[in-house]
Amino acid sequence: MSWPGFIEGLRQGITAIMNLIATPVLIYFLAVNTLMLVLICLAVWEFLHHHRRKGFAGPQEAASSQLAQGVSVVVPAFNEEAVIVTSVQAMLALRYPHHEVIVVDDGSTDATFERLRVAFDLVPIQREIPSDLPTRGVILDVHVPRNGHTPLLVVRKENSGRADANNVGINVATEPLVAIVDADSILDPNALIEVTKPFADDPTRVVATGGVVRSGNGCTVVDGRIVQVHLAKPWLVRIQIAEYLRAFLLGRSGWSRFGALILISGAFGMFRRDVLVEVGGYDPDCISEDFELVMRIHRHMIENGRDYRVHFVAEPVSWTEVPVTAKVLRVQRRRWHRGLWETLWKYRGMVLRPRYGRVGLVALPYYWAFELVAPLLELVGVVLVVTGFALGVVSTPYALMFMAVAYGYGTLVTMAALAVEEVTFHKYARWRDLGAILLASVLENVGYRQTTAWWRMEGWASSLRGKKQVWGTMTRQGFHDDSPAVAALGHEVHAPGGGDTGAHAMSGDV
Amino acid sequence: MTVAQILPVALAAVGLSLVSTLILIVAVKMHRGRSGARSASLLAPYRSALITIASGEDEDGQAKAALFAVPATTWDRLRPTVLGFLPKVRGASADDLSDLMRFHGEIDRATEMLTSRSAVRRAHGAYLLGLVRDRLSSPFLLRLLGDPDADVRLVAARALGVIGEPLAASGVLGALRTHHGQIGLPAWVAAEALLAMGAEITPALQAGLTSEDPAVRNVCAMVAGHGTFASTVPQLRIVLASDSEPDVRASAAVALGQIGGADDVASLVRLTEASESTVLRRIAATALGDLGQHEGLETLSVLLGDVDPRLARLAAESLVRIGPEGISRLGEAASGVSTGARVAGAALEVAGLRGQLPAITAGVR
Numbered sequence: 001m002s003w004p005g006f007i008e009g010l011r012q013g014i015t016a017i018m019n020l021i022a023t024p025v026l027i028y029f030l031a032v033n034t035l036m037l038v039l040i041c042l043a044v045w046e047f048l049h050h051h052r053r054k055g056f057a058g059p060q061e062a063a064s065s066q067l068a069q070g071v072s073v074v075v076p077a078f079n080e081e082a083v084i085v086t087s088v089q090a091m092l093a094l095r096y097p098h099h100e101v102i103v104v105d106d107g108s109t110d111a112t113f114e115r116l117r118v119a120f121d122l123v124p125i126q127r128e129i130p131s132d133l134p135t136r137g138v139i140l141d142v143h144v145p146r147n148g149h150t151p152l153l154v155v156r157k158e159n160s161g162r163a164d165a166n167n168v169g170i171n172v173a174t175e176p177l178v179a180i181v182d183a184d185s186i187l188d189p190n191a192l193i194e195v196t197k198p199f200a201d202d203p204t205r206v207v208a209t210g211g212v213v214r215s216g217n218g219c220t221v222v223d224g225r226i227v228q229v230h231l232a233k234p235w236l237v238r239i240q241i242a243e244y245l246r247a248f249l250l251g252r253s254g255w256s257r258f259g260a261l262i263l264i265s266g267a268f269g270m271f272r273r274d275v276l277v278e279v280g281g282y283d284p285d286c287i288s289e290d291f292e293l294v295m296r297i298h299r300h301m302i303e304n305g306r307d308y309r310v311h312f313v314a315e316p317v318s319w320t321e322v323p324v325t326a327k328v329l330r331v332q333r334r335r336w337h338r339g340l341w342e343t344l345w346k347y348r349g350m351v352l353r354p355r356y357g358r359v360g361l362v363a364l365p366y367y368w369a370f371e372l373v374a375p376l377l378e379l380v381g382v383v384l385v386v387t388g389f390a391l392g393v394v395s396t397p398y399a400l401m402f403m404a405v406a407y408g409y410g411t412l413v414t415m416a417a418l419a420v421e422e423v424t425f426h427k428y429a430r431w432r433d434l435g436a437i438l439l440a441s442v443l444e445n446v447g448y449r450q451t452t453a454w455w456r457m458e459g460w461a462s463s464l465r466g467k468k469q470v471w472g473t474m475t476r477q478g479f480h481d482d483s484p485a486v487a488a489l490g491h492e493v494h495a496p497g498g499g500d501t502g503a504h505a506m507s508g509d510v
Numbered sequence: 001m002t003v004a005q006i007l008p009v010a011l012a013a014v015g016l017s018l019v020s021t022l023i024l025i026v027a028v029k030m031h032r033g034r035s036g037a038r039s040a041s042l043l044a045p046y047r048s049a050l051i052t053i054a055s056g057e058d059e060d061g062q063a064k065a066a067l068f069a070v071p072a073t074t075w076d077r078l079r080p081t082v083l084g085f086l087p088k089v090r091g092a093s094a095d096d097l098s099d100l101m102r103f104h105g106e107i108d109r110a111t112e113m114l115t116s117r118s119a120v121r122r123a124h125g126a127y128l129l130g131l132v133r134d135r136l137s138s139p140f141l142l143r144l145l146g147d148p149d150a151d152v153r154l155v156a157a158r159a160l161g162v163i164g165e166p167l168a169a170s171g172v173l174g175a176l177r178t179h180h181g182q183i184g185l186p187a188w189v190a191a192e193a194l195l196a197m198g199a200e201i202t203p204a205l206q207a208g209l210t211s212e213d214p215a216v217r218n219v220c221a222m223v224a225g226h227g228t229f230a231s232t233v234p235q236l237r238i239v240l241a242s243d244s245e246p247d248v249r250a251s252a253a254v255a256l257g258q259i260g261g262a263d264d265v266a267s268l269v270r271l272t273e274a275s276e277s278t279v280l281r282r283i284a285a286t287a288l289g290d291l292g293q294h295e296g297l298e299t300l301s302v303l304l305g306d307v308d309p310r311l312a313r314l315a316a317e318s319l320v321r322i323g324p325e326g327i328s329r330l331g332e333a334a335s336g337v338s339t340g341a342r343v344a345g346a347a348l349e350v351a352g353l354r355g356q357l358p359a360i361t362a363g364v365r
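Protein sequences, first through last, are from chains A and B.
My numbering numbers the first residue of the first sequence as 1 and each following residue consecutively.
My numbering numbers the first residue of the second sequence as 1 and each following residue consecutively.
The shape of chain A in the complex, shown without the other chains (with noise of 0.2 Å):
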């Protein structure tokens, strides 16, 4: 075939598959963002129901209520010497009448355990571990404060992953409240105040909660507390606020108001323990443990006929750090999305089974449909448009139409999420910071959304052809702290492994 001849039927072929698909793609584009308008409506919604109650929801008696239930603080730690002793000092003095934290350090490498061993005055003790939840790793012993009465355990074991560590934290805890949080994490004073409203506002029904994640990275930390919220200044870090802003300021607080929460952010999650125990924990061999354990207490729940509640607290309780760099971004997407996969499809028969209510009926099929398949049809809409343009196929008009509709309507969900934090946290107070993240809603649709795109198919596709589940090297920067004690310790250490906000479905939506 003659190269004219080729390039013509190369026209052709782009001719017939844009005619073909046109249809599709037009229901496609209208249902995700009808869908999404719903949820952005849901979300305001839900917003300004706990905006306009919170001046009566009475922080401080929660504060200091004798009765209120005990919470266990489990840290995974794998490698986190850089942050470790800033967040479990903010752990330990979060606003609560009485909780616990339990680090798990998961055979760590580096300084973690000897940082915390010197910050915290640790002495071994033979702690007997309950085995309510199987685990893998060896445990190898257990430490606490010389001190005798800081609430603090640091238990230390063999290496088995993330998902192991927060079983082996499940067990040591000893409070009718579970919080699994990041070691990156710097927590809010008031998270966990926040957090446990719901199971003690209704506490027979209310079996998880998780609260609205932020990054925190460019933030000033002192003493474990976020005290100035800044951008970071790198654009990388600036598109992921936004991302984080649309993902839980919308996307989360929507599901909650809808009554169909599937994903609680590994970040910060915290749920009744024995429902923990009941469903069997973590699955050790789910590489995004977080999400698989909600559907698993949705499916538990529902299929033993229980009257339940996953909720999610419209406030911010946890800051955590973004990854600053494209390769740890890479490895962090890559992942997301090899696990939004496996879970969808090891749940795929609760979609669309009205047994599972909202869960199987709307929230399953809205994640295959827009969260999972999302990235394909963008990738497959850019390489179409752009081909079809090179080959004259499509207008030059049409394509900068098309593509300003898709990207501005992108923008205009990250701009929704920004108005709705402007009207109610406001917690950017500088203009240049605002400015900062509409100018990053806008830039992420050059290059950032199809690069992600294009890193969650290669998560997928490591899934399909078996590859074996890694967490990959994140490389951690630390927090920004300037309180002397941890300014001794330095920052800026590599540490592989490490936490994640296991946000999974961060796809330019909700």
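Calculated from the structure, these hints are not laboratory results.
Note that beta-carbon positions come from the ideal geometry of N, C-alpha and C, so glycine has one too.
Be aware that one or more of the hints could be misleading.
[As the list claims (entries may be wrong)] Below are the DSS-like pairs computed for lysine-lysine, each with C-alpha atoms no more than 27 Å apart in a straight line:
hint, chain 1, residue 1, chain 2, residue 2
1, A, Lys427, A, Lys346
2, B, Lys88, A, Lys54
3, A, Lys233, A, Lys468
4, B, Lys29, A, Lys233
5, A, Lys327, A, Lys467
6, B, Lys29, A, Lys427
7, A, Lys427, B, Lys88
8, A, Lys233, A, Lys346
9, B, Lys29, A, Lys54
10, B, Lys64, B, Lys29
11, A, Lys233, A, Lys327
12, A, Lys346, A, Lys468
13, A, Lys346, A, Lys54
[Said to hold, decoys possible] Sample of chain A residues at the chain B side, in silico, Cβ under 7 Å:
hint, residue
14, Gln12
15, Leu67
16, Gln126
17, Pro130
18, Met401
19, Val405
20, Tyr409
21, Leu412
22, Ala419
Since chain A is already given, all that's left is putting chain B on it; use the hints.
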């Protein structure tokens, strides 16, 4: 309609929405900035007086007088700050701030809000009346315990607790019931409110312990223990022995651990038997430690070797709380080869770290 026809319309809609959202964000931020600056300048002259009152240092009453003289327009901006202080202060400071609220008509406005059609306004009104401890509002707040909105019921119960109106105890207990699809008050909210009402609620507690509603019996048992209502002990014993609800028996066991005596050891020991539920056994083991009677030593020593490691640990902690005799039992167990040796050793180590066991402290690395 084709894609080409839809696109311009969609683009216009998206563009318009983008511009509107942008304007909204900018407008909200500008309004907040201006409003904040205006409030700051209006409040600056009164800041010192407010801090003086909140810190309880207004001995000559000058600060109070200055704040009484605040004009109505400025008061609207000062009000949130006063409201923010109220839950954090006690005694004379709280009274002064309450007087300030009353003088500026806030109590009247809050009372009016109680009959508003908006649940949020009703709850706000109830919250404010609780904050200022307005005893005269109790009848209105009692009525709100039957409000259709769960938040309003909850805030009303809390307000009655803060006010400390013992006559409201029966009302709060009544609000625990779930009826007509309305979820009753959360147990802890009711219990906190009752505990704040003081010793005068004893008759209500005694009546509540014989209620048909297990939620009411449960809360009464909780409050009886936490509030050391010693006169309820006979009824708690009956509940522990014969109540049909495990949760209620568990609360009674906790309460008897706090306010019972040597006579209660036998019934608590029975609850630790293997035929009882895991939860009840653990609670009973803890209660035996709280009780601190040496009659419980034998049972707790046996529990050190129980197959439930959590129960064994709780038994060990209870032995520490009982004192020298319990610690001696732990020492014997730790030096043996029984399954409880490790648990006993761990309890002794922690006791040593806490200074409850000076001789052992030196032995811990």
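Against the structure, the hints:
1. Pair hint Lys427 (chain A) plus Lys346 (chain A) does not hold up; C-alpha atoms about 38 Å apart against a cutoff of 27 Å.
2. Restraint check for Lys88 (chain B) and Lys54 (chain A): satisfied, since their Cα atoms lie roughly 17 Å apart, inside the 27 Å limit.
3. In summary, the hint linking Lys233 (chain A) to Lys468 (chain A) is not supported, as the alpha carbons are separated by about 35 Å, beyond the 27 Å threshold.
4. Between Lys29 (chain B) and Lys233 (chain A) the alpha-carbon distance is near 22 Å, which keeps this suggested pair within the 27 Å criterion.
5. Note on Lys327 (chain A) and Lys467 (chain A): the hinted pairing holds, with a Cα-Cα distance of about 19 Å set against a maximum of 27 Å.
6. For the hint pairing Lys29 (chain B) with Lys427 (chain A), the CA-to-CA distance comes to about 11 Å; that is within 27 Å, so the pair holds.
7. For the suggested pair Lys427 (chain A) and Lys88 (chain B), the alpha carbons sit about 24 Å apart, so the restraint of at most 27 Å is met.
8. Between Lys233 (chain A) and Lys346 (chain A), the direct Cα distance comes to roughly 40 Å. Violation of the 27 Å bound is thereby established for this hinted pair.
9. Straight-line distance between C-alpha atoms of Lys29 (chain B) and Lys54 (chain A) comes to about 20 Å, which keeps the hinted pair within the 27 Å bound.
10. Proximity of Lys64 (chain B) to Lys29 (chain B) is assessed by CA-CA distance (about 34 Å); at most 27 Å being required, the pair is judged violated.
11. A hinted pair counts as satisfied when its Cα atoms are at most 27 Å apart, and Lys233 (chain A) with Lys327 (chain A) qualifies at roughly 18 Å.
12. Straight-line distance between C-alpha atoms of Lys346 (chain A) and Lys468 (chain A) comes to about 17 Å, which keeps the hinted pair within the 27 Å bound.
13. The hinted pair formed by Lys346 (chain A) and Lys54 (chain A) fails the criterion: a straight-line CA distance of about 39 Å is larger than 27 Å.
14. At about 19 Å, the closest approach between the beta carbon of Gln12 (chain A) and any beta carbon in chain B exceeds 7 Å, and the interface hint on this residue is violated.
15. Given hint, Leu67 (chain A) at the interface with chain B, holds; its Cβ is 4 Å from that chain's nearest Cβ, closer than 7 Å.
16. Annotation: interface hint on Gln126 (chain A) holds; nearest CB of chain B at approximately 5 Å, less than 7 Å.
17. Checking Pro130 (chain A) against chain B by beta carbon gives a least distance of about 4 Å; that is within 7 Å, so the hint holds.
18. Checking Met401 (chain A) against chain B: minimum C-beta separation of about 5 Å stays under 7 Å; hint holds.
19. With a cut of 7 Å, the hint placing Val405 (chain A) at the interface with chain B holds, because the nearest CB-to-CB distance is about 5 Å.
20. Look at Tyr409 (chain A): its Cβ gets to within about 5 Å of chain B, closer than 7 Å, so that hint holds up.
21. Against a cut-off of 7 Å between C-beta atoms, the interface hint on Leu412 (chain A) holds, since the closest Cβ of chain B lies about 5 Å away.
22. A hinted interface residue such as Ala419 (chain A) counts as satisfied when its beta carbon comes closer than 7 Å to some beta carbon of chain B; here the least separation is about 5 Å, so the hint holds.
In this structure, the earlier hints numbered 1, 3, 8, 10, 13 and 14 are contradicted, and the remaining ones agree with it.
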